[in-house]
Amino acid sequence: MADEDDIILSELDDEELVQQMMDDLYDGLKEEIEEAVEILLERGWTPYDILTKALVAGMTIVGADFRDGILFVPEVLLAANAMKGGMAILKPLLVETGAPRMGKMVIGTVKGDIHDIGKNLVAMMMEGAGFEVVDLGINNAVESYLEAAEREGADIIGMSALLTTTMPYMKTVIDALKEQGKRDTYIVLVGGAPLNEEFGKAIGADAYCRDAAVAVETAKTLVSRRHNQMGA
Amino acid sequence: MTNALSRLLETRDWLLADGATGTNLFNMGLSSGDAPELWNADEPANIKKLYSLAVDAGSDLFLTNSFGGNASRLKLHGAQNRVRELNRLAAEIGRDVADAAGRPVVVAGSMGPTGEIFAPMGTMTHELAVEMFHEQAEGLKEGGADVLWVETISAPEEFKAAAEACRLAGMAWCGTMSFDTAGRTMMGVTSAQLAALVEKLPNPPLAYGANCGVGASDLMRTIMGFAAAGSERPIIAKGNAGIPKYHDGHIHYDGTPELMADYACLARDAGATIIGGCCGTMPVHLAAMRAALETRPRGPRPTLEEIAAKLGGFSSDSDGTGDEGEAAGRARRSRRRG
Numbered sequence: 001m002a003d004e005d006d007i008i009l010s011e012l013d014d015e016e017l018v019q020q021m022m023d024d025l026y027d028g029l030k031e032e033i034e035e036a037v038e039i040l041l042e043r044g045w046t047p048y049d050i051l052t053k054a055l056v057a058g059m060t061i062v063g064a065d066f067r068d069g070i071l072f073v074p075e076v077l078l079a080a081n082a083m084k085g086g087m088a089i090l091k092p093l094l095v096e097t098g099a100p101r102m103g104k105m106v107i108g109t110v111k112g113d114i115h116d117i118g119k120n121l122v123a124m125m126m127e128g129a130g131f132e133v134v135d136l137g138i139n140n141a142v143e144s145y146l147e148a149a150e151r152e153g154a155d156i157i158g159m160s161a162l163l164t165t166t167m168p169y170m171k172t173v174i175d176a177l178k179e180q181g182k183r184d185t186y187i188v189l190v191g192g193a194p195l196n197e198e199f200g201k202a203i204g205a206d207a208y209c210r211d212a213a214v215a216v217e218t219a220k221t222l223v224s225r226r227h228n229q230m231g232a
Numbered sequence: 001m002t003n004a005l006s007r008l009l010e011t012r013d014w015l016l017a018d019g020a021t022g023t024n025l026f027n028m029g030l031s032s033g034d035a036p037e038l039w040n041a042d043e044p045a046n047i048k049k050l051y052s053l054a055v056d057a058g059s060d061l062f063l064t065n066s067f068g069g070n071a072s073r074l075k076l077h078g079a080q081n082r083v084r085e086l087n088r089l090a091a092e093i094g095r096d097v098a099d100a101a102g103r104p105v106v107v108a109g110s111m112g113p114t115g116e117i118f119a120p121m122g123t124m125t126h127e128l129a130v131e132m133f134h135e136q137a138e139g140l141k142e143g144g145a146d147v148l149w150v151e152t153i154s155a156p157e158e159f160k161a162a163a164e165a166c167r168l169a170g171m172a173w174c175g176t177m178s179f180d181t182a183g184r185t186m187m188g189v190t191s192a193q194l195a196a197l198v199e200k201l202p203n204p205p206l207a208y209g210a211n212c213g214v215g216a217s218d219l220m221r222t223i224m225g226f227a228a229a230g231s232e233r234p235i236i237a238k239g240n241a242g243i244p245k246y247h248d249g250h251i252h253y254d255g256t257p258e259l260m261a262d263y264a265c266l267a268r269d270a271g272a273t274i275i276g277g278c279c280g281t282m283p284v285h286l287a288a289m290r291a292a293l294e295t296r297p298r299g300p301r302p303t304l305e306e307i308a309a310k311l312g313g314f315s316s317d318s319d320g321t322g323d324e325g326e327a328a329g330r331a332r333r334s335r336r337r338g
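Those protein sequence lines, which keep their order, are chains A and B. Following UniProt numbering, the numbering of the first sequence begins with 1 at its first residue and continues without gaps. Following UniProt numbering, the numbering of the second sequence begins with 1 at its first residue and continues without gaps.
Think of the hints as simulated: they come from the structure by calculation, not from any bench. Hints may be right or wrong, so weigh each one.
[As the list claims (entries may be wrong)] Heads up, simulated EDC-like pairs for lysine to aspartate or glutamate below, C-alpha to C-alpha not over 16 Å straight-line: (1) B:Lys-160 x B:Asp-99; (2) B:Lys-245 x A:Glu-34; (3) A:Lys-182 x A:Glu-132; (4) A:Lys-171 x B:Glu-258; (5) A:Lys-201 x B:Glu-135; (6) B:Lys-245 x A:Asp-116; (7) B:Lys-75 x B:Glu-135; (8) A:Lys-182 x A:Glu-152; (9) B:Lys-141 x B:Glu-127; (10) A:Lys-171 x A:Glu-152; (11) B:Lys-75 x B:Glu-43; (12) A:Lys-91 x A:Glu-150; (13) B:Lys-75 x A:Glu-152; (14) A:Lys-53 x A:Asp-116.
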């Protein structure tokens, strides 16, 4: 880029700066996002407004373009990484100010399944969208999911499987939740290459998520629906 | 550089590759979550049976039981120090089976992905990936593999690293990617982009193509994409036997032997030379594919409509190739500060 195109973030007004942050998120520019977050804080923005009006709004564009096949995993991960940079600044302030949480997810591959790349992508993108993510790693038994979900006060349990032989274990976990009367305590999202929507319905998950972007969108929709129900 | 595969490719206009590894091994009692590669040392009779099933069903080429045999994957089982040994054994058992077949059968040393994401998003570097793949390649070479077979790759960086490892090992190789995300790989590679990528490598593969992914129809569309890219290099088609379905607590792939026989002939008509299956493809499927390839005459290149009619619909409208795909992309508003 030519020098004359350089933009000094601190010289932009609020509206321009937020637009610029969305562009910078799109391009995965972590340092620029961090700087812009600091500028908005100095200007008196609440951490929650910065999170929702700039960062989450920007990541929504990224997610939509991923869904539409315009962006792919590498670009989305860079964007999520930039978002994480901003979140690292905001997180302690959000807690201090008692801002509403996006939601918390425990996620892992199911027992017998060691294929974790899809799970890692979902975890990175969920964090990028402002969710708290507790990564349980690979090869999780029923107890591992249930204990972690309870301990962490999770909103969402995410299960991933790459093998057709391990997919059915997702039903084992959901059945255990039902038996313990906790099925409605959590939103259960499932994903993995061999799965499909029909399978997600058959085992009683809240949703099958085709890819990491869909997982983020689904999580946002279901968490907000749940908040509305609680408020009603 | 000639080898068993290049010699077969000179005399035949199609070759039957093998089918599923995991699906067959699970049927023999492999526990889900265990590393199949450990069976090369612990249950060699089962691995011999795995290879023999493919050869007896008519495969001209089979892949060794070494898909997850790189240090990164074996580390999940605490076996990262056994890369050389487990790969050598995988190929040695294969060598015995191939040499006893009574006809030329190619032992292809399978090399699957590291499972890591490349920098800057992830931690994997080119150097490290080359080192891991090279270690695996040397083991496969030592065990007597005819060629190396890089498969199920998503990232161009990883494909390039594997290619360099094959060069370092002085082995001819084949390479396939898995196109499972709206007709592209998870990392966004289109069929046309892979076709271009292989030609730019300092040591291009003997053959390249697609494996796994989302069912036979999508894989066929990818094969059509390679052919449309004008590639002269032999094309590999290794599709799953349909789509996994859930019934009463277990999973089975919905692709029948008849469907896979249709798929095999369509793949040949579309321009593929090395044709096989992937997940869910059992010996009964392979035998049906072989019989169909031997008896049915070649047809004209199928259209996407014919493929959808015979094998089922596609998972997405576009696969990112052609005018529609290239034109996509919103005007990027990006700019950089100094």
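Results of checking the hints against the structure:
Distance check on the hinted pair: B:Lys-160 and B:Asp-99 sit about 31 Å apart at the alpha-carbon level, beyond 16 Å; violated. With a C-alpha separation of about 46 Å, the suggested pair B:Lys-245 and A:Glu-34 falls outside the 16 Å cut-off, and the hint is violated. Proposed proximity of A:Lys-182 and A:Glu-132 is contradicted: the alpha carbons are some 21 Å apart, above 16 Å. Restraint check for A:Lys-171 and B:Glu-258: the C-alpha separation of about 31 Å exceeds 16 Å, so the hint is violated.
Proposed proximity of A:Lys-201 and B:Glu-135 is contradicted: the alpha carbons are some 43 Å apart, above 16 Å. This hinted pair does not check out: B:Lys-245 and A:Asp-116 have alpha carbons roughly 22 Å apart, beyond 16 Å. A C-alpha spacing of about 14 Å is found between B:Lys-75 and B:Glu-135, which places the hinted pair at or below 16 Å, so the restraint holds. About 14 Å separates the Cα atoms of A:Lys-182 and A:Glu-152, which keeps this hinted pair within 16 Å; it holds.
Note on B:Lys-141 and B:Glu-127: the hinted pairing is violated, with a Cα-Cα distance of about 21 Å set against a maximum of 16 Å. Distance restraint check for A:Lys-171 and A:Glu-152: the Cα-Cα separation of roughly 22 Å exceeds the 16 Å cut-off, and the hinted pair is therefore not satisfied. This hinted pair does not check out: B:Lys-75 and B:Glu-43 have alpha carbons roughly 20 Å apart, beyond 16 Å. As the CA atoms of A:Lys-91 and A:Glu-150 are separated by approximately 22 Å, the hinted pair breaks the 16 Å bound.
Proximity of B:Lys-75 to A:Glu-152 is assessed by CA-CA distance (about 29 Å); at most 16 Å being required, the pair is judged violated. Between A:Lys-53 and A:Asp-116 the alpha-carbon distance is near 32 Å, which puts this suggested pair outside the 16 Å criterion.
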